[in-house]
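Top line first, the protein sequences correspond to chains V and F. Take the first sequence: its letter number 93 is residue 93 in my numbering, and every next letter is one higher. Take the second sequence: its letter number 91 is residue 91 in my numbering, and every next letter is one higher.
Possibly wrong hints are sitting among the right ones.
[Unchecked claim] Just the calculated beta-carbon pair ranges, DEER-fashion:
id: 1; chain 1: V; residue 1: R245; chain 2: F; residue 2: N279; range: 42 to 52 Å
id: 2; chain 1: V; residue 1: L243; chain 2: F; residue 2: K57; range: 17 to 27 Å
id: 3; chain 1: F; residue 1: E357; chain 2: V; residue 2: G80; range: 42 to 52 Å
id: 4; chain 1: V; residue 1: R245; chain 2: F; residue 2: D54; range: 53 to 63 Å
id: 5; chain 1: F; residue 1: T58; chain 2: V; residue 2: L147; range: 45 to 55 Å
id: 6; chain 1: V; residue 1: V167; chain 2: F; residue 2: D162; range: 50 to 60 Å
id: 7; chain 1: V; residue 1: S140; chain 2: F; residue 2: E285; range: 48 to 58 Å
[As the list claims (entries may be wrong)] Some but not every residue of chain V turned toward chain F, in silico, with C-beta under 7 Å:
id: 8; residue: F77
id: 9; residue: D164
id: 10; residue: V167
id: 11; residue: Q170
id: 12; residue: T185
id: 13; residue: G272
id: 14; residue: P274
id: 15; residue: R322
[Unchecked claim] Here are the simulated EDC-like pairs of lysine to aspartate or glutamate, each with C-alpha atoms no more than 20 Å apart in a straight line:
id: 16; chain 1: F; residue 1: K347; chain 2: F; residue 2: E326
id: 17; chain 1: F; residue 1: K347; chain 2: F; residue 2: D314
id: 18; chain 1: V; residue 1: K163; chain 2: F; residue 2: E70
id: 19; chain 1: V; residue 1: K163; chain 2: F; residue 2: D253
id: 20; chain 1: F; residue 1: K347; chain 2: F; residue 2: D125
id: 21; chain 1: F; residue 1: K57; chain 2: F; residue 2: D217
id: 22; chain 1: V; residue 1: K163; chain 2: F; residue 2: E244
id: 23; chain 1: V; residue 1: K163; chain 2: F; residue 2: D217
id: 24; chain 1: F; residue 1: K57; chain 2: F; residue 2: E76
id: 25; chain 1: V; residue 1: K163; chain 2: F; residue 2: D370
id: 26; chain 1: F; residue 1: K377; chain 2: F; residue 2: D217
id: 27; chain 1: F; residue 1: K377; chain 2: F; residue 2: D142
id: 28; chain 1: F; residue 1: K57; chain 2: F; residue 2: E332
id: 29; chain 1: V; residue 1: K163; chain 2: F; residue 2: D256
id: 30; chain 1: F; residue 1: K377; chain 2: F; residue 2: D366
id: 31; chain 1: F; residue 1: K179; chain 2: F; residue 2: D189
id: 32; chain 1: F; residue 1: K179; chain 2: F; residue 2: D235
id: 33; chain 1: F; residue 1: K179; chain 2: F; residue 2: D142
Just so you know, these hints were derived from the structure itself, not from any lab. Note that CB positions come from ideal geometry on N, CA and C, so glycine has one too.
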Amino acid sequence: MADLAQRAGGARSAARPAGTTAPPARQRSRWSGPRARTRLLELGFVVPAVVYMLAFFGYPVVQNALMGFQEYTTRTFITGEAPWVGLENYRAVISSSVFTQATFNTVLFTVGSIAGQFVLGLAIAVFFRRRFPLGGLLRSLLLLPWLIPLIAASAVWRWILDKDTGVLNQVLGGLGLDSNPGWLTSPSLALVTVVVVNIWIGIPFNTTLLYSGLQDIPEELYEAAALDGATRWRAFRHITWPLLRPVVTVVLVLGVVYTLKALDIILGLTQGGPANSTQTIATQSYNLSFQQFDFGQGAAMGNILIVVSLAFAILYLRVNRRALDE
Amino acid sequence: MARRGAAHRTVGAAALALTAPLALAACGGGSDSGSGGSGGEVTSITVQDTFVTDPGKTYFGDLLDSCGEENGVTIERNSIPGGDIIARTLQQASSQTLPDVLSIDNPDVGQLAAAGALAPLGQFDITGEGISAGVLDANSLDGELYGLQPTTQSLALFYNPDLLAAAGVQPPTTWEELKTAAAALTQGDQYGIAFSAPPTYEGTWQFLPFMWSNGGDETNIATPETAEALQLWVDLVQSGSASESVLNWGQEDVNDQFIAGNAAMMINGPWQFPVLAENPDVTYEVVEIPAPEAGGTVVSPLGGATWTVPETGDADRQAKAAAVVECVNSDENMVDNALTNSSVPTKAELGEQIVAEDPRMQAFVDVVPDLRSRTGKLGDEWPTAATAIYTAVQTALTGGASPQEALEQAQNG
Numbered sequence: 001m002a003d004l005a006q007r008a009g010g011a012r013s014a015a016r017p018a019g020t021t022a023p024p025a026r027q028r029s030r031w032s033g034p035r036a037r038t039r040l041l042e043l044g045f046v047v048p049a050v051v052y053m054l055a056f057f058g059y060p061v062v063q064n065a066l067m068g069f070q071e072y073t074t075r076t077f078i079t080g081e082a083p084w085v086g087l088e089n090y091r092a093v094i095s096s097s098v099f100t101q102a103t104f105n106t107v108l109f110t111v112g113s114i115a116g117q118f119v120l121g122l123a124i125a126v127f128f129r130r131r132f133p134l135g136g137l138l139r140s141l142l143l144l145p146w147l148i149p150l151i152a153a154s155a156v157w158r159w160i161l162d163k164d165t166g167v168l169n170q171v172l173g174g175l176g177l178d179s180n181p182g183w184l185t186s187p188s189l190a191l192v193t194v195v196v197v198n199i200w201i202g203i204p205f206n207t208t209l210l211y212s213g214l215q216d217i218p219e220e221l222y223e224a225a226a227l228d229g230a231t232r233w234r235a236f237r238h239i240t241w242p243l244l245r246p247v248v249t250v251v252l253v254l255g256v257v258y259t260l261k262a263l264d265i266i267l268g269l270t271q272g273g274p275a276n277s278t279q280t281i282a283t284q285s286y287n288l289s290f291q292q293f294d295f296g297q298g299a300a301m302g303n304i305l306i307v308v309s310l311a312f313a314i315l316y317l318r319v320n321r322r323a324l325d326e
Numbered sequence: 001m002a003r004r005g006a007a008h009r010t011v012g013a014a015a016l017a018l019t020a021p022l023a024l025a026a027c028g029g030g031s032d033s034g035s036g037g038s039g040g041e042v043t044s045i046t047v048q049d050t051f052v053t054d055p056g057k058t059y060f061g062d063l064l065d066s067c068g069e070e071n072g073v074t075i076e077r078n079s080i081p082g083g084d085i086i087a088r089t090l091q092q093a094s095s096q097t098l099p100d101v102l103s104i105d106n107p108d109v110g111q112l113a114a115a116g117a118l119a120p121l122g123q124f125d126i127t128g129e130g131i132s133a134g135v136l137d138a139n140s141l142d143g144e145l146y147g148l149q150p151t152t153q154s155l156a157l158f159y160n161p162d163l164l165a166a167a168g169v170q171p172p173t174t175w176e177e178l179k180t181a182a183a184a185l186t187q188g189d190q191y192g193i194a195f196s197a198p199p200t201y202e203g204t205w206q207f208l209p210f211m212w213s214n215g216g217d218e219t220n221i222a223t224p225e226t227a228e229a230l231q232l233w234v235d236l237v238q239s240g241s242a243s244e245s246v247l248n249w250g251q252e253d254v255n256d257q258f259i260a261g262n263a264a265m266m267i268n269g270p271w272q273f274p275v276l277a278e279n280p281d282v283t284y285e286v287v288e289i290p291a292p293e294a295g296g297t298v299v300s301p302l303g304g305a306t307w308t309v310p311e312t313g314d315a316d317r318q319a320k321a322a323a324v325v326e327c328v329n330s331d332e333n334m335v336d337n338a339l340t341n342s343s344v345p346t347k348a349e350l351g352e353q354i355v356a357e358d359p360r361m362q363a364f365v366d367v368v369p370d371l372r373s374r375t376g377k378l379g380d381e382w383p384t385a386a387t388a389i390y391t392a393v394q395t396a397l398t399g400g401a402s403p404q405e406a407l408e409q410a411q412n413g
């Protein structure tokens, strides 16, 4: 515990040279009182968090893991009976013809969304570092996609993207491009369209976090670099990027986890269609549990997703630790 | 020290705030069982339904109140959107807080009855006498009746008479006529026909009248009959008579397209009447869905909400609940209900009264004797078949496979 706290303090002090001495001093004074009372106090702070985590994270995850090995149907809710079926649920979901496609779609959706969100988010964040009239207002307007409920946003997007009456195709038609693509109805286009809409949704999150990361980079570094002739791209490459790395890791890992489990945007736009071309592991898990009421198979599908997310979370912790050690 | 005192108070307040809902919940449970505990007199019962929008919201509120009054109980009503009601009911089943009366979409009866959440209505001497066979089928499992359904809704062909007249086309009665009419009505930005084929149960629901009328069956969908029906849809989309967007349209979207004049005909149901009425410029007429051949019978799926008595384990409350369900299904209320909510009474003999008041209902009244229940054959296996059907429809419409292949693939999972 203390070790971790020390490290965290160390990391903070490394980022902000000005406040280096304060935290350790406070820590020493806290340890000076009667030991028992301090421990009790510490426990008092930790216990609510632990109870909360166990009740709202631990229990559902364990329950979900168990459900994956049970025949858990509507009947279970009434009789409480959920026979153990071993790996049967996993066998059923993995051997179903949708699984390969859903996995492939999940990978494409996640990689595509993250790449787009991150690159555009970073570009916008860097752009707004400069001060210009109305910059603050524009920056807050950027948050809009984040503030609109996803279901409302997807309804509007569906209207924009409609093959025949959608604004997008009408504009394209006006520009002389009369091919009228079925953005949401062509199996080869639908996934790309969903990714683009998801990028639009993810930009505010990426921009906001990266922008706050940029704010922490001292202006003097750029001034000094400019004196040495490093401006624009070279300044970005040698100052911005290395100093932004910790924030970048957070943004990417959180982004991957959020995107893997994205459900509402796909349900709102295509419901996994046409012909499963936008079906992901998350939407398939939802379908199995809440449309077909096969909660066991739905849980099995969900567990696969949890394991993948967990892998990224561990990766994040490792990268973070290494960054702190450096 | 003073600071710590403040912290203590905050913690205390937080603890209180956390436990308050629990205490309240406990009280709620207490009063519930108090008013209905076996032996004590039942003074109120709880009702859960899906009528969250008008006209149903107000109509059923008033109807339930008057039925409650008739049986000496007050009604505590809780309306939940249709998409959420099964999940909510399952939660209630596991926490033993099921409502006394539950109204759900009829294909859900099989699921809940098979799970043991519903009481067979026979134990309250309710037989559903006079209600048409298909409706009783939909509300039964293994020969036991679990739901009493006052009215039903189904699908029909809506058309814009002005557009048909302008194109010199008669309302189609066979599949061939449907194809030629739809082609003739497709001009400029206007499609001949719109229907709904999304990857949801809504898509399955719209496909069923074509599949069933041609002799297809949900127990085995990989048959030439079902493939022919699917071929009709594929032809309509691939010839350009229907938009590719049908893959992504719900029935509301289809209605919007019809209102906007983007489709001259549509497959839809009478629940769209109130929306159509908000657009007085739109003229429409309603006929039966075309049959495969001239003179063929059209078999449409049976829609509509049904009323059930969940297994709450309290015989007195269940008896009251059953009485209220019977009252909701009385002949007089059936007719009122049908007229208010643009639906058809499930007792065939009451159909004429409806047509006399509302001629648009003729097409829906005509199909009632042949209406088919979605869960009659498969019971709680229906969701699997329904999923396979919409999956095959999507695959065939996007050109991923021929109808026959698409149906085989979908059936084999």
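Hint check against the structure, violated hint numbers in rising order:
1, 2, 5, 6, 10, 11, 15, 17, 18, 21, 23, 25, 30, 33
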